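Undergrad: If you want the building blocks of each chain, they are given just below.
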Amino acid sequence: MNDTVFALSTPVGGAITIMRISGPDSRALLQMFFTGRIEHRRVSYGRIVDDKGETVDHCTAVFFSAPYSYTGEDMAEIFTHGSYAVAKRLTEMLAASGLAVQAEPGEFTKRAYLNGKMDLAQAEAVMDLISSTAERQRRAAQLQLEGRLSAMIGGIYDRVKASCALLSAAMDDDTDEIEYDEHAASAETALIKADIDRMIEGGMRAKVLREGARIAIIGSPNVGKSSLLNALICRERSIVTNIPGTTRDTVEESADIDGIPVVFIDTAGIHETSDTVEKLGIERSEREKENADMVLLLIDGSRSISEEDCAIIKGLDTQQNRKILVLITKSDLPQLVEADAEAFCGLDAMRISSLTGEGMTELKKRIAAAIAPDERDPALTNTRHIALLEQAAKRLGAASEMLKNGETDIAFLEMRAAMDDIAAVTGREDPSEDLINSVFAGFCVGK
Amino acid sequence: MRIYAEKEKYDVAVIGAGHAGCEAALASARMGMKVLVLCMDLDSVALMACNPSIGGTSKGHLVREVDALGGEMGIAADECFIQMRMLNTGKGPAVHSLRAQMDKRRYHERMKAALENERNITLRQDECAEILTYNGSICGIRTALGAEYDCGAVVICSGVYLKARVHTGEFHRDRGPSGLSAATLLSDSLKDMGFELRRFKTGTPPRVKGSSLDFDRMQPQFGDEPIPHFSFMTDLLERTQAPCYLTYTNRETHEIIKENLDRSPMFTGAIHATGTRYCPSIEDKIVRFEGKDRHQLFIEPEGLSTDEMYVQGLSTSLPRDVQEAMLRTIEGMENCVIMRYGYAIEYDCIDPTELTPCLMSKRIPGLFFAGQINGSSGYEEAAAQGVYAGLNAALYMKAEEPFYIGRSDAYIGVLCDDLTMKGTNEPYRMMTCRAEYRMLLRQDNADLRLTEKAMRTGLISPARYDRLMRKLGDINEAEAALERTVRASVKLNELLSSRELTQVDGSVKLSTLLKRKGVRYTDLLRLYDLPDIGPEAREEVEIEALYGGYIKRQEEEITRLARLENEKIPADIDYYAITNLRTEARQKLSSIRPEDLGRASRISGVSPADIAVLAVYLKAQRS
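Chains as they are written, first to last, in the numbering used here: chain A, 1 to 447; chain B, 1 to 623.
By construction, these hints were calculated from the structure, which means they are not laboratory data.
Among the hints, erroneous ones may be present.
Straight-line Cα separation of at most 20 Å, EDC-like style, residue types lysine to aspartate or glutamate; simulated pairs [stated by the list, open to error]: (1) K163(B) / E118(B); (2) K509(B) / E556(B); (3) K422(B) / D434(A); (4) K314(A) / D332(A); (5) K517(B) / E182(A); (6) K34(B) / D126(B); (7) K110(A) / E109(B); (8) K394(A) / E557(B).
Pairwise CB distance ranges (calculated) [what the hints assert, rightly or not]: (9) Y528(B) / D181(A): 33 to 41 Å; (10) D41(B) / D181(A): 25 to 33 Å; (11) G506(B) / G315(A): 35 to 43 Å.
Stretch-level coverage of chain B by chain A, calculated; a stretch enters the list once three of its residues show a Cβ under 8 Å from a Cβ in chain A [said to hold, decoys possible]: (12) 19–25; (13) 53–59; (14) 173–187; (15) 315–326; (16) 447–453.
None of these values were measured; they are calculated from a predicted model.
Cβ atoms here follow ideal geometry from the backbone N, Cα and C, with glycine treated the same way.
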């Protein structure tokens with residue numbers, strides 16, 4: 001646990017490459033390989049020299065003394081030219097020194113957290129930032145980093161704490177001096193639960209930023225699903241033929257739509273078949289359709305709507321919380337289908353052609369609009385946070401009912417556990433002490 | 001001059017005979033130890049220097065636990081009470097708490113008699129001046145009168161007496177509570193032994209003459225009928241109970257206090273000690289709770305043979321004339337005559353994190369501490385620590401393993417764990433919200449939790465054990481009988497309708513019926529063939545039916561925690577060698593030196609991340 005670690009902090013191939021070193025031997029390593037001056041927080045110019053005295057690169061480096069660094073440990077950063085060869089040589093030299101090992105992913109942040117440099121929510125936001133693949137994701141992670149999430153959850157935490165404090169004071173009140181009304185307490189608890197629910201709902205939308213939105217492309221055989229996929233990701237991924245049932249299993253491809261990471265799922269065409277392999281494919285299509293964040297339903301515009309098309313439309317569960325967009329394909333051919341929402345049970349519809357690219361820009365815009373989280377939504381994107389808050393909300397819901405029944409003691413247990421859940425999101429310490437302080441600050445208990 | 005130097009020899013010396021000292025002495029003596037009890041004034045044995053009541057929220061739990069361990073407080077309270085009342089009955093069984101108003105003089109006499117009647121105890125009036133050690137272990141004590149006694153263990157229960165100083169307005173004097181002398185010698189001996197002493201402060205309200213009050217203008221509060229009791233050994237009680245009275249401060253009272261704050265030693269700077277937030281003085285309350293128009297006062301009789309009444313809620317160190325002026329603004333107290341003035345008292349105490357979880361000094365084997373010297377407040381907290389320290393002192397003398405009570409066993413465990421692991425910056429008061437396993441640690445089941453566990457101490461009398469076994473037998477018999485399935489009947493549905501519950505058709509398990517709120521065991525007993533068990537067993541069966549799910553959940557949590565507690569930390573661990581621990585955690589862990597990960601996790605300033613680091617480190621060390 002106490003060793004020195006290093007890692008390249010930038011992808012190799014840019015203009016500069018940054019090598020980061022953290023741990024007690026950071027200074028020693030810098031002295032070993034770098035010819036420039038080493039002073040706390042001072043950027044200096046020098047050369048990287050290997051053990052044979054040969055110059056590897058001209059570079060700048062900066063040294064941070066513990067605890068005044070990102071990780072709270074001694075740290076060094078070396079800025080070399082963005083060359084693969086230099087990065088490789090430097091990595092080899094550091095590893096061969098025997099003083100340092102390659103850092104695990106997220107290691108610097110972990111150390112920063114362990115050394116008390118940031119709270120858990122901030123640390124997790126940094127982790128998200130590191131693994132962000134698209135611009136929006138970076139922005140959401142950035143906002144979270146800035147403590148918006150911490151502040152919002154802090155607000156919820158304080159309200160649960162206040163309710164717990166009231167209950168505690170009432171239960172530790174020997175002479176009925178505390179004004180405590182279980183119905184008011186029950187109502188407040190239900191309100192907090194509703195607020196957490198709203199946060200989670202916003203968070204679900206924001207989750208697409210982290211994990212990518214799953215968009216299923218469905219439709220009857222040979223309506224152009226694979227062509228659309230290829231057009232969306234700009235390369236030949238699915239095999240396109242005019243033989244219905246060519247795509248027998250689902251095909252997944254990632255793309256970046258307006259800065260949002262998206263996974264497109266090209267599904268097997270849905271129709272009655274006796275082919276076993278194809279049947280399995282169709283079953284998977286059905287599943288993908290159910291699990292997707294958005295569904296693109298394709299109708300071949302060059303032929304009349306078939307019974308199969310109708311069956312697929314009717315089979316869609318429009319109650320589920322996700323977007324469905326009808327695409328009338330092959331707009332380059334003479335059209336036999338009206339692009340009328342009423343024709344498709346009120347679903348939005350538009351024309352596209354994968355061949356000419358007609359409607360593709362509009363389609364991407366619509367996809368982005370449908371799945372993009374509201375920028376004002378809380379940046380609740382971490383699955384662990386969502387799970388903890390869901391648990392807290394569940395407990396508060398139960399507590400609210402118990403309070404109505406005068407079961408103050410078990411209601412308190414649920415609420416106290418909810419406090420722990422919420423505290424676990426921000427990594428806040430010692431809710432017990434927090435609560436006791438709150439009881440004393442808010443209530444005049446005692447003789 | 002001739003010196004008669006025949007040295008008396010004891011096993012255990014108990015310093016102080018307050019609520020901690022009495023329990024400590026009785027526990028040690030009943031375990032066969034020869035015990036010396038030193039007390040500065042034998043007329044103040046088990047003195048209730050503050051309010052004349054025992055129990056109350058969470059404190060009532062402690063009294064029952066002391067009783068379940070074979071302690072004296074519960075039995076004495078059942079004998080000397082003048083009113084009994086179960087609090088919090090509308091808030092669920094986990095927080096039901098018994099409170100008893102005491103006849104203060106009788107309680108003192110009753111406890112003193114208990115010590116006198118214990119043949120292993122020598123009760124003597126003298127002041128301890130010095131703790132004597134040999135090779136780092138306890139070997140005896142020296143007193144102010146110059147006596148030296150040999151002993152192998154010492155339990156210090158000095159209460160608020162060490163270098164005590166009282167304040168009433170501009171009056172300041174070095175003395176103990178209630179006009180008694182302060183203990184001036186022991187502090188220095190403790191300092192010489194390396195204990196860091198701290199100053200805590202507490203206070204007490206004025207006592208007024210009952211006949212000068214107009215009770216018709218106050219709200220009376222009566223005791224419960226039938227009368228509940230503390231001790232598991234007590235049977236049905238019958239007695240005429242005395243009422244208490246409620247009244248309130250008002251704006252005029254608050255004005256007088258505000259105008260005279262500059263004369264309060266709390267604000268003039270005459271007091272340097274830390275007060276308790278739990279038991280604030282009235283001047284403190286007025287300042288901290290500006291917006292509150294009134295504060296409740298509770299008038300408690302100090303006994304049946306005196307007219308003195310205690311004014312709970314009005315603890316103060318304001319000057320004499322201000323106390324009089326503010327009391328006379330209160331409804332029903334316009335003509336009140338003060339008999340004793342309120343005062344604040346400051347005293348020396350140790351940092352309890354210097355103690356093991358069983359209240360023995362980590363540095364000096366055989367030296368135990370219990371009660372307010374450990375930074376706690378309250379008679380019940382003191383008694384609980386007293387019995388715990390006393391029995392462990394006896395086990396220490398017998399070279400037996402300490403008797404450990406954990407957080408999941410009892411409020412006593414929570415109390416001692418909080419004190420010794422977290423320490424305290426103010427007088428520590430037990431509160432139900434401090435106990436995380438509240439559903440298990442109820443006042444009704446203290447005997448089930450502790451009595452059998454304590455068998456090896458020898459404090460459990462055969463009669464007490466028999467009662468426990470009978471209760472257990474009753475519970476098991478009833479729970480087996482409740483597994484029966486019955487067919488819905490007219491009578492059953494009549495019962496359910498009368499309790500506003502939905503009727504049943506078909507068949508139903510009796511235990512399922514009992515799970516419905518409003519159905520009692522006695523209801524089912526009238527309809528079905530069930531064992532006619534005692535009321536205490538009935539209560540357990542009903543609570544188990546209603547709260548079984550929660551009880552089970554807490555038991556599972558305890559099992560999880562036990563796993564952490566099984567992760568022992570080597571005594572010679574160097575926390576500074578574990579680089580990923582945060583600095584604060586390193587300092588805290590190094591000073592408290594917890595014995596296992598479970599305890600480490602409860603130290604404030606040690607975060608879950610620190611525990612994870614520590615767990616990884618321990619694992620790496622082992623492999």
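Undergrad: Next step is simple, just say for each hint if it's right about the structure.
TA: Hints, one by one, checked against the model:
1. K163(B) / E118(B): Answer violated: K163(B) to E118(B) is near 31 Å, above 20 Å.
2. K509(B) / E556(B): 26 Å, violated
3. K422(B) / D434(A): 14 Å, holds
4. K314(A) / D332(A): Between K314(A) and D332(A) the Cα gap is close to 27 Å, so the pair fails against 20 Å, i.e. violated.
5. K517(B) / E182(A): 17 Å, holds
6. K34(B) / D126(B): 18 Å, holds
7. K110(A) / E109(B): 63 Å, violated
8. K394(A) / E557(B): With a Cα-Cα distance of about 19 Å, the restraint between K394(A) and E557(B) holds, given a limit of 20 Å.
9. Y528(B) / D181(A): 33 to 41 Å: Holds - the Cβ-Cβ distance for Y528(B) and D181(A), about 39 Å, lies within 33 to 41 Å.
10. D41(B) / D181(A): 25 to 33 Å: Cβ of D41(B) to Cβ of D181(A): about 48 Å, so the range 25 to 33 Å is violated.
11. G506(B) / G315(A): 35 to 43 Å: Cβ of G506(B) to Cβ of G315(A): about 41 Å, so the range 35 to 43 Å holds.
12. 19–25: violated (count 0)
13. 53–59: Since three or more residues must qualify, the claim that chain A covers the stretch 53–59 of chain B holds, with 3 doing so at under 8 Å.
14. 173–187: n = 0 at 8 Å, threshold three: violated.
15. 315–326: Coverage by chain A is violated here, the residue count being 1 at a Cβ distance below 8 Å.
16. 447–453: violated (count 0)
Consistency note: the structure conflicts with the earlier hints numbered 1, 2, 4, 7, 10, 12, 14, 15, 16.
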